[in-house]
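Chains A and B supply the protein sequences, listed in that same order.
Residues 1 to 539, numbered by our numbering, are exactly what the first sequence covers, in order.
Residues 540 to 889, numbered by our numbering, are exactly what the second sequence covers, in order.
Source of the hints: derived by calculation from the structure; they are not laboratory data.
A quick note: this is a predicted structure, and the numbers were derived from the prediction, not measured.
Keep in mind that a hint or two might mislead.
[Stated by the list, open to error] Here are the simulated lysine-lysine pairs, DSSO-like style, with alpha carbons at most 30 angstroms apart:
(1) Lys743(B) to Lys186(A)
(2) Lys866(B) to Lys508(A)
(3) Lys508(A) to Lys746(B)
(4) Lys486(A) to Lys746(B)
(5) Lys54(A) to Lys721(B)
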Amino acid sequence: MAEKEASPQKGLSPGKRLQLRRASQVFFLGVFLVLFLWSRREFYLNPSLVSGFKEKLVNLPLQLDPLVMIAQFLASRTLVAGALLALITVAITLLLGRVWCGWFCPVGTVLDWIPLRSWKKKQPSLPEGLRGIKYVLLLVILIAAGLGNLSLLIFDPLTIGYRTLTTAVWPGLDRLFTALELAAFKVPFLGSAVSWIDSLARPVIIPAHPAVYRYSLLYLGFFAGLVGLNVLAPRFWCRYLCPLGGFLGLLGKFSLVHCEISESCSLCGSCLPSCPTGAIQKGEKVFCDPGECTMCLACAVDCPTGQVTFPAQSAGFIRQPYDLDRRKALISLGAAAVGVGLLESGLVNDRISPKLIRPPGVENDKFLSICIRCGECSTVCPTNAIQMAVFEGGVEGFWTPVLVPRIGYCDYSCQACGQVCPVAAIPPLTLELKRVQVLGKAEIDRDRCLPWAENTECIVCEEMCPVPDKAIELEVVEVETSEGEKHLLQRPTVIRKLCIGCGICENKCPVDGQAAIQVSAHTAAGQAGGRQRRGHGPQ
Amino acid sequence: MTELSRRNFLRFLTACLGSLGSLYLAGCLNRQKLLTRSISPEKISPSPFLSDATQPSTSVESIEGPTETKAVTDTPSPTAAYPDLVVARGGEPGEMVRAVVAALGGMGLFVKAGDVVVVKPNICVAYHGYEYAATTNPWVVGEVVRLALEAGAKQVKVMDFPFGGTGEQAYRVSGIQAEVQKAGGRMVEMTAVKFLPAEIPGGKDLKTARIYDDVLRADVLINLPIAKHHQLAGLTLAMKNLMGVIYDRPFMHANLGQRLADLSTRVRSHLVIVDAVRMLMANGPTGGNLSDVKKADTIIASPNIVSADSYAATLFGIEPEQISYIKKGAQMGLGIKNLSKLKIEEINLG
Numbered sequence: 001m002a003e004k005e006a007s008p009q010k011g012l013s014p015g016k017r018l019q020l021r022r023a024s025q026v027f028f029l030g031v032f033l034v035l036f037l038w039s040r041r042e043f044y045l046n047p048s049l050v051s052g053f054k055e056k057l058v059n060l061p062l063q064l065d066p067l068v069m070i071a072q073f074l075a076s077r078t079l080v081a082g083a084l085l086a087l088i089t090v091a092i093t094l095l096l097g098r099v100w101c102g103w104f105c106p107v108g109t110v111l112d113w114i115p116l117r118s119w120k121k122k123q124p125s126l127p128e129g130l131r132g133i134k135y136v137l138l139l140v141i142l143i144a145a146g147l148g149n150l151s152l153l154i155f156d157p158l159t160i161g162y163r164t165l166t167t168a169v170w171p172g173l174d175r176l177f178t179a180l181e182l183a184a185f186k187v188p189f190l191g192s193a194v195s196w197i198d199s200l201a202r203p204v205i206i207p208a209h210p211a212v213y214r215y216s217l218l219y220l221g222f223f224a225g226l227v228g229l230n231v232l233a234p235r236f237w238c239r240y241l242c243p244l245g246g247f248l249g250l251l252g253k254f255s256l257v258h259c260e261i262s263e264s265c266s267l268c269g270s271c272l273p274s275c276p277t278g279a280i281q282k283g284e285k286v287f288c289d290p291g292e293c294t295m296c297l298a299c300a301v302d303c304p305t306g307q308v309t310f311p312a313q314s315a316g317f318i319r320q321p322y323d324l325d326r327r328k329a330l331i332s333l334g335a336a337a338v339g340v341g342l343l344e345s346g347l348v349n350d351r352i353s354p355k356l357i358r359p360p361g362v363e364n365d366k367f368l369s370i371c372i373r374c375g376e377c378s379t380v381c382p383t384n385a386i387q388m389a390v391f392e393g394g395v396e397g398f399w400t401p402v403l404v405p406r407i408g409y410c411d412y413s414c415q416a417c418g419q420v421c422p423v424a425a426i427p428p429l430t431l432e433l434k435r436v437q438v439l440g441k442a443e444i445d446r447d448r449c450l451p452w453a454e455n456t457e458c459i460v461c462e463e464m465c466p467v468p469d470k471a472i473e474l475e476v477v478e479v480e481t482s483e484g485e486k487h488l489l490q491r492p493t494v495i496r497k498l499c500i501g502c503g504i505c506e507n508k509c510p511v512d513g514q515a516a517i518q519v520s521a522h523t524a525a526g527q528a529g530g531r532q533r534r535g536h537g538p539q
Numbered sequence: 540m541t542e543l544s545r546r547n548f549l550r551f552l553t554a555c556l557g558s559l560g561s562l563y564l565a566g567c568l569n570r571q572k573l574l575t576r577s578i579s580p581e582k583i584s585p586s587p588f589l590s591d592a593t594q595p596s597t598s599v600e601s602i603e604g605p606t607e608t609k610a611v612t613d614t615p616s617p618t619a620a621y622p623d624l625v626v627a628r629g630g631e632p633g634e635m636v637r638a639v640v641a642a643l644g645g646m647g648l649f650v651k652a653g654d655v656v657v658v659k660p661n662i663c664v665a666y667h668g669y670e671y672a673a674t675t676n677p678w679v680v681g682e683v684v685r686l687a688l689e690a691g692a693k694q695v696k697v698m699d700f701p702f703g704g705t706g707e708q709a710y711r712v713s714g715i716q717a718e719v720q721k722a723g724g725r726m727v728e729m730t731a732v733k734f735l736p737a738e739i740p741g742g743k744d745l746k747t748a749r750i751y752d753d754v755l756r757a758d759v760l761i762n763l764p765i766a767k768h769h770q771l772a773g774l775t776l777a778m779k780n781l782m783g784v785i786y787d788r789p790f791m792h793a794n795l796g797q798r799l800a801d802l803s804t805r806v807r808s809h810l811v812i813v814d815a816v817r818m819l820m821a822n823g824p825t826g827g828n829l830s831d832v833k834k835a836d837t838i839i840a841s842p843n844i845v846s847a848d849s850y851a852a853t854l855f856g857i858e859p860e861q862i863s864y865i866k867k868g869a870q871m872g873l874g875i876k877n878l879s880k881l882k883i884e885e886i887n888l889g
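In isolation and in its complexed conformation, chain A is listed as follows (with noise of 0.2 angstroms):
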């Protein structure tokens, strides 16, 4: 692998390696946008059952994530294929230390690329003990996860990452280029350029349809918060919170290649300023930290005497005071089991709400011990059904999937969801067999219902009702107009045994804002698996 080349070796120039590792971010960001440029379509065009190499690949950078992985085995105590390649990451931190951080992380190579520099008028000095926040949150996710809970998933860069392009980037991006066409196709003698231009883009780069996403500015603005902390320190995401970073700097402390600087050092301090992590301590000699180091070079280019090397031997443990101690692990501990305890014990435990309709084939009581908040169910969903949970299911379930019909249906011949999901949290399904789950039943609201409300034609449910035998039944009735005429009409009603919940008659009811026909979740009463409720069941 690339990392194996780019170790720091005697022969090239810092600057030289330095450049290298530009490349490495810019490549690795790059893989990042393409396979989630692929994920997009290659999942709905082929709902064939489970191939292999295409998921490996699209998921291979959530399986490279150590943090990911560990809290999903813990949480769901099952290990999902591939979860062992996190091995990988973990042992190249032990040889390299965190080279993740300053090579590979994209989020990490967001906030280099916009370190907001100019917006600084003064450098504050902020508490070195902020450190321990990172790991503080590490700890709380883990143990967390050992109780079955993985709700702080969402602090994962690379699930960041996902979310943020899949929710705010791309679509802004369809936006934008939408806007600059229409106005073009305005233009004399442009149309038919514009018409070419979009047909290379679209659907291979930018959706055929406008991809829509509830609370867009929401990601945008969780996204655009952490860039924003780059005003206060550089990296700031990485050094303080970044719970990912804080594992691999845990094993950065014993890594064998580390940042050092000789005896002989001037004390000029020039690295001090240079360095994006702050990672370099000036006291009676240079010191730079292991566990913060990203492995960025910029300290060896800004040394004027080449004082840094990168020799391959371990410097051994040096205790930080902002490292992890006795007091951060019980705090850690604590919040964990109170905030978990909390939400399992029904204070907020309103799971129930009839909106919080999952993916096709999901087993609801387990499932949030077993998603990631990854949201690349989100990203690949053709008509864009697969939104983010905000309100729909409670705090335990920030951010996790969940269909809006009145956005997106979910379509009849399309299993991408589960074919891409990297934890199995969707699971994998037969085309034929996914067809047959039960996502919720809808129901006609026969008060806006137009031949139900207004004795007006519309038979759109049962038109676009994917089921073979059609779920949804029409009667026909004569009315009489409010001139006394009869006319014979067709009323729609649901067939309940028939229906699969797929949305697409709530999706294209053409009644104005609420839909006339609703999906609501499927709960069958006394069903083993079924929801949480509050109050006395029968027992």
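Please arrange chain B on chain A, whose structure you already have, making use of the hints.
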């Protein structure tokens, strides 16, 4: 890099925005033209315009005045060299297509060298293969593409805008993509932006609609519906098939017959070939039961959309009069629905 002063930057910005703005304004002048861009008269299908409407329609371009309309009304096809409608039965799909087009006078009558041809099959869902008769037979589409290219078409684009699943999925699942590519045609994924607002001057109820740009720009439109059941329209045939070129479909359902007839005045099908190789007899338009499918091995072709639909309706044992859009289309003078007034050629390949 030289520093750009604020003043210069603002100047630059003003210049850019100014030029863009003036282009935009120039575009607005052109907008009216864009909206009313229509198919030029010489490109209208070669068969003379037929009508059994009682009142003359002013909305149809090729009918000049009331007296002439009267004359055309009762005597179909004065040139009479070719039949008004051809039906083939019993052969392979491709073979039947070749036979009906030849009997109508050959593809050369419809497609001229260098034309851009749009073929509009019915690929309304991505759920099932062609055996389920929810989508047009792939070999019918393939053969039409081949014939159009043989007639010298510059480009043959095949497209539909499915309501269930994406175009890409539906093209592949229906089997149409494979046959079209084999024949040398291009499958086009219809994108939202290119459904541009267009006026429908001949429309009685539907006055404007967002119609797909490629369809309006095409020199020739070949309409390839599959004959199938539909709960509201009764049947989905050629005029109903035009639903696939507009964006806001639920809106159409309120006054479906009239609005489809209105749409047909704007989006003119130069050649209509109805695929009744397999007919979907119930649970349309999506299908999914093989027991709802009837193998009829029939292909109907006509340059006139109302006539083609009228004949296709009889295959279901339904009078053309009973299908709202056929009735409205005939009333508007878009064609003859009375089959006894048509010169029909039947070809038996079985």
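So, going through the hints one by one against the coordinates:
no.	hint	in the structure
1	Lys743(B) to Lys186(A)	holds (27 angstroms)
2	Lys866(B) to Lys508(A)	holds (27 angstroms)
3	Lys508(A) to Lys746(B)	holds (23 angstroms)
4	Lys486(A) to Lys746(B)	holds (29 angstroms)
5	Lys54(A) to Lys721(B)	holds (27 angstroms)
In summary, this structure violates none of the numbered hints.
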